[in-house]
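A.B. asks: These protein sequences, in sequence, are chains U and L.
Just so you know, we're using this note's numbering here: the first sequence kicks off at 5 and counts up by one.
Just so you know, we're using this note's numbering here: the second sequence kicks off at 5 and counts up by one.
It should be emphasised that the hints constitute simulated quantities derived from the structure, not laboratory data.
Where hints are given, some of them may not hold.
Just so you know, same-sequence chains aren't split out, so a pair can sit in one copy or run between any two.
[Said to hold, decoys possible] DSS-like cross-link-like pairs, simulated, lysine-lysine; straight-line CA separation at most 30 angstroms: (1) Lys88 / Lys114; (2) Lys129 / Lys34; (3) Lys172 / Lys24; (4) Lys124 / Lys24; (5) Lys45 / Lys359; (6) Lys367 / Lys341; (7) Lys19 / Lys45; (8) Lys19 / Lys129; (9) Lys172 / Lys129; (10) Lys19 / Lys300; (11) Lys124 / Lys85.
2 protein chains.
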Amino acid sequence: MNFDYCNPVRILFGKGEIAKLSELIGKSLKVMMVYGGGSIKKNGVYDQVVKALSERDVIEFSGIEPNPQYATCMKAVEVIKKGKIDFLLAVGGGSVLDAAKFVAAATLRKDGDPWDILLKQAPVKEALPLGDVLTLPATGSEMNAGAVISRAEFRQKLFFGSPAVYPKFSILDPETTYTLPPRQTTNGIVDAYIHVVEQYLTFPANAPLQDRLCESILLTLIEEGPRVLKDPNNYDARANIMWAATCALNGFISLGVPQDWASHLIGHEITAEYGLDHAQTLAVVLPGTMQVQRDKKKAKLLQYAERVFGLTGGSEDERIDAAIARTEEFFRSVGQKTKLSEYDIGPEACDVIAKRIGKFPFKLGEHQDIDDDKVREILKLRV
Amino acid sequence: MNFDYCNPVRILFGKGEIAKLSELIGKSLKVMMVYGGGSIKKNGVYDQVVKALSERDVIEFSGIEPNPQYATCMKAVEVIKKGKIDFLLAVGGGSVLDAAKFVAAATLRKDGDPWDILLKQAPVKEALPLGDVLTLPATGSEMNAGAVISRAEFRQKLFFGSPAVYPKFSILDPETTYTLPPRQTTNGIVDAYIHVVEQYLTFPANAPLQDRLCESILLTLIEEGPRVLKDPNNYDARANIMWAATCALNGFISLGVPQDWASHLIGHEITAEYGLDHAQTLAVVLPGTMQVQRDKKKAKLLQYAERVFGLTGGSEDERIDAAIARTEEFFRSVGQKTKLSEYDIGPEACDVIAKRIGKFPFKLGEHQDIDDDKVREILKLRV
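Here chain U stands alone, though its shape is the one from the complex (with noise of 0.2 angstroms):
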């Protein structure tokens, strides 16, 4: 399929690279630093950021939850607005950065409610400029366009995206997330997996690289996952991850192919009801996605199997059914929970799941064929 495809986003990764925060970001500026519960001053990120910014005008502003919410998003707004800030400074992970991206075009937005940026998909033509520390690989949000808000009041949580909040820089520093939680560590390895699989585990597209590159990054996150876990200060297998988390979602493994996202939709879905993190709800759709869509996603399915896992014997179900045991075996293996009983969530879920999906103007997956009664038969999967 044809695309278009710009990504100006500039990396800088590797250890030491926050200290050209004073480079990157022009001294006159007016800097506001958005950061989330606080991690970033235990583990010394906080005072690199405030060191290579001493120089600069910054005012901060904390709090910014996981599935990062409306009402926050719009405080910052005001903070800005009075502040006359003219750069935002996103340092943490994915919520912190989405955040970020949200608040840079809501505060430029002219007339209307901003909350349409994301109910509606509002075109956002400009916004604050704004750069980022990453502290957390998982969302890509650091070399893509998009960002996920959530607003708690209505139980939504809703994606936006447009070449205006592309970050100017994002810094990636391997050796801030050494003291992420086990937990953090492990949402960052699903969502960067589940990531790919969206992207590719579609149908045929004749796109025989993007498929192999979404396949370095698959056994990439298979290898490294498990030796950062039993090994968080290795510095090589966090390199390893960072990287591969944020070309797992940077758009360039998804040019001229379909995508899916069933599951990450069925996901917000249960973020939004539930309040599992994002990568949890992810781990625990997947399989059940993989099993529902058996025969459209056929021949990708059995590509997986071999080349991912080595799966070349027995029959074509046998190996599929091995190539989704084995994907929700290494969710396991990086220490993640698949079935919602294991978050106490009953049976009674995939109706409630089900009936939200229903109410969407539009179905889901890379065939669009994916309604509210498939939603019930993935998660009756999952229970």
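Starting from the known structure of chain U, arrange chain L on it as the hints suggest.
C.D. replies: Showing chain L alone in chain U's frame:
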């Protein structure tokens, strides 16, 4: 290794994309269309471009030769200065695009000899904006910031690079490559393959993802190369070759890893001295470089043998021998000669080229250990 990467080139890929030129180039801009020997007039590309730009003020500059010449470029600079050109549109292959990049840089150079950009690597801080319609997948110039220019009277072929010469956009329509002469199709496949090898076949640097990305491109070229030669109007095969060649040298696969480029530098000297096509020189030199550097490249050669050619049997030395032989066989399978004598160049060339390299102010290769003696040794294997 740490890295700093930003590639802002917008890629428009697929059939029919040339028509978008009318949106890509501002209506008020005065455009110079730069092209080569006129093949674009035979295959319809010229007409498509002229139609898309019908409302623009366009002048033409044709006659860019393979291994584009400094003198030709400087003529273009004169025309641009007289004609107050705002935008350069290169239409053709890597030579035309490289020429446009140098012209763009030389036009805005304020003082000093423009030749210094190549000879002394004088920094290029600004350049006329440029875009391109690529008709020959090979050099990767469409998505990088480098160019190679030759100067016949000095028998020199030199490189320069600067972010200022990244194309604003590159249009890649695989249909434009249907009418390529087999020699150019072959050259493109071999050139792209060896670009990857230069960035891959060095020593392990704990970069499993970069390694696999390289192997992905090599495997794609090995699969699609013979297909495209057998069936030149196969859109899918042409598209895969075109995208693989771009990915082979857009900077992405070399992030954080060592690079070789010895075969390229030796090849440039062969072109400068004997006039062979760039890719012809590479297919001659590379098997020699692999052989002479086999101990230092051992770990990567074994990985290459296994992952690219499936060679797992026999001793390490046997696997390396087989991998080198298979590489040469691949070049021959797509119609490329691999020995100097096949181009009527005698064994005296070994000494001629070694002496030229001996004058370089540096040694070649990822260990900077390839001097004139080693070049002689490499070439003696290729007579």
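A.B. asks: Work down the list of hints and note, for each, if the structure agrees.
C.D. replies: We went through each hint and held it up to the structure:
{"no.": "1", "hint": "Lys88 / Lys114", "result": "within (16 angstroms within a copy, 38 angstroms between copies)"}
{"no.": "2", "hint": "Lys129 / Lys34", "result": "both (22 angstroms within a copy, 27 angstroms between copies)"}
{"no.": "3", "hint": "Lys172 / Lys24", "result": "both (13 angstroms within a copy, 26 angstroms between copies)"}
{"no.": "4", "hint": "Lys124 / Lys24", "result": "between (38 angstroms within a copy, 28 angstroms between copies)"}
{"no.": "5", "hint": "Lys45 / Lys359", "result": "neither (42 angstroms within a copy, 59 angstroms between copies)"}
{"no.": "6", "hint": "Lys367 / Lys341", "result": "within (27 angstroms within a copy, 54 angstroms between copies)"}
{"no.": "7", "hint": "Lys19 / Lys45", "result": "within (18 angstroms within a copy, 52 angstroms between copies)"}
{"no.": "8", "hint": "Lys19 / Lys129", "result": "between (34 angstroms within a copy, 28 angstroms between copies)"}
{"no.": "9", "hint": "Lys172 / Lys129", "result": "both (16 angstroms within a copy, 20 angstroms between copies)"}
{"no.": "10", "hint": "Lys19 / Lys300", "result": "between (44 angstroms within a copy, 27 angstroms between copies)"}
{"no.": "11", "hint": "Lys124 / Lys85", "result": "within (24 angstroms within a copy, 49 angstroms between copies)"}
Comparing the model with each earlier hint shows a violation of hint 5 alone; every other hint is respected.
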